[in-house]
Amino acid sequence: MAQINWAETIWLLGPEVILTVGALVVLVVDFVRDDDRGPLLPGLTLITLGGAFLLSFTYLGLDRTALFMFEVDNLTSFFRILATGTSVLILLVSVDYVRSRSRHAGEFYSLLLWVTLAVILVAASSDLILLYLSFELLSITSYILVGWLRDEARSNEAAIKYLLYGAISSAVMLYGMSLLYGAAGSTRLEDIARTFSDPAVRVGTLDELVLPAVVLMLAGFGFKTSLVPFHQWAPDAYEGAPTPVTAFLSVGSKAAGFAVLIRVFLTALPMFQVDWAAVLVAFSILTMTLGNLVALVQTNMKRLLAYSSVAQAGYILMGLAAYVATDTSTLNGIAGVLLYLVAYLFTNLGAFIAVIAYEQATGSVSIADYAGMVRRAPWLAGALVVFFLSLAGIPPTAGFVGKLAVFGAAINAQLYYLAVIGVVNSVISVYYYFNVVRQMFFMPPPAEGEEPVRYPQAMGLALTVSLVGTLLIGIYPQPFLDLANVGRQFLAMLPFA
Amino acid sequence: MTAEQVVFVLAAVVTLGSALGMVTTRSVFVGALWMIAVFGGVAALFILLGAGFLGIVQILVYIGAIAVLILFAIMLTPRVMGDPNAPRYNRQWPLVAVMASALASLLVALVLRTDWPLAQEGAPTITGFAVELGKGFMTTYILPFEVASVLLLVALIGAIVIAREE
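For the protein sequence lines, the chains are A and B, in the order given.
Under our numbering, the residues of the first sequence are numbered 1 to 497, in order.
Under our numbering, the residues of the second sequence are numbered 1001 to 1166, in order.
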């Protein structure tokens, strides 16, 4: 029977142990102290997240497996850093938001820690059972967070819609997984790869299962990454959810979806890349085009950012579709995906932080109410312009570097039409981003409400971090490129790639 | 047809028929009763597949505990009993029927066409299965086991936050 070295296991699962214990401590302290307003609970949450974030760097370069199915490799380290970093920024902006709108701040913080744990677990699973459970942990925690504002009908509606779509897409994903399990007789990704790559093991018509299994699993993975046509939940859930949760869905949950796409397709099915890359190209084109076109007509800021984040998922997917195993340059598709995710993290979180700050002050997320924003909040308006420049992919911002990496990967893979469609889409997106900029700078403000917008220091800090990140990646991308390339190195260690 | 096949067909008909009854009834309460029949059919399928222990757990936990709890919850909630005149289907049902049948025929075709590799060893006995299951939860599958417990805790917190009277 398999023996477990517990001391080593706890060390390998350090960030996850910290997050779980931290979440329990927050719950208990909340229960004992019954003090939702003080700095104690956010402080404990911040310490937990910060500890997990810093500890995550110490695992870079390792390639181990903890508890038979949790991979401690560079891809996991990358997503540990990404997930905990995202949650730190989300925490900074949610303190004020949750305090003013909900009576359950303590539970909110513990759920934020658990949803972070779920993202890491999803990214690290090398077994379909663990993958599915982590996926459900991520989904169920997200449904609860989306419906957190229980007295607001919109929040309830968003949660119900998200739950219904999520349940269906999970079920379809399970069909896909069960096909792979039936073929391999094992839920381990490595065993599935062995079954399909070894002619001595493979029997009969098993190959014909791969494409249906890929498409069915994409229903689940695409739901998290909001790929068209699995995106319909996104605008409603984004609009109704508490805005910090929306920010999490658009960055953390989406990153988990891409982590799982990379891990499952490259570990279990690398020999069928021709098949799934073609499917991904189709999804990528559909996603960015539809996302951008529908974004053109939005009048609500959160819905605009929802469709914009659908379109961004299309660009990111391009990198994975264009992954070329022999290419070791920085324009490698996987490095492109990872770099884009970091750039997108700072940019999109930044945009949402600015939206939250403005929403807290004005109570509105309608684009029409952004008229004259520059007079009421010049710093916020300026930051928002930088984030929009980055989302549109204009230098010198992070978004430009991210797009360069994935479009470059598409060109390296000789998918010229894919790169051209990507560029055309980026041009379309400039229109709706700069429509908001036009509102902020050139439209007269409404008569009342001339007073300047105020926001808490924590929010200002989060905004500054996002702004610095967005500009830094745009001007000096080298350290982030290195991080993306380190994250990609898990590929070299795959047995069947 | 062997006796095993006869039992399988019976169990399958009970499961699918009750599932159909569950989703087409107007009353949530009747739906819950149909669900109990579904659980029973699934338990029979588990036992037929040699997973007797799972079959017994299915009966004890799902029928014995969860279904009864659901019935209590329905009876204690005033507005959930349902409007008897509410329309049974919304206008998207033809589209859904087409999509669902397409998915079903794809899966059936795949199952029939593929030469599935068969497990070498026979099904374990009921006690042997339970022992293996227990060992699995404490060794190879300990991480999914723990994740499942976190999942349940999160669901519990969520239920309290969303549904508690203030």
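No lab work stands behind these hints: they were computed from the structure.
All figures in this text were calculated on a predicted structure; none of them were measured in a lab.
Errors might be hidden in some of the hints.
[As the list claims (entries may be wrong)] In silico lysine to any residue, SDA-like type, Cα no more than 20 Å apart, as pairs:
1. A:161 to B:1090
2. B:1135 to A:161
3. A:161 to B:1066
4. B:1135 to A:129
5. A:161 to B:1155
6. A:161 to B:1129
7. B:1135 to A:9
8. A:161 to B:1159
9. B:1135 to A:186
10. A:161 to B:1125
Fill in: Ascending list of hint numbers which this structure does not respect
Of the numbered hints, 2, 3, 6 and 10 do not hold.
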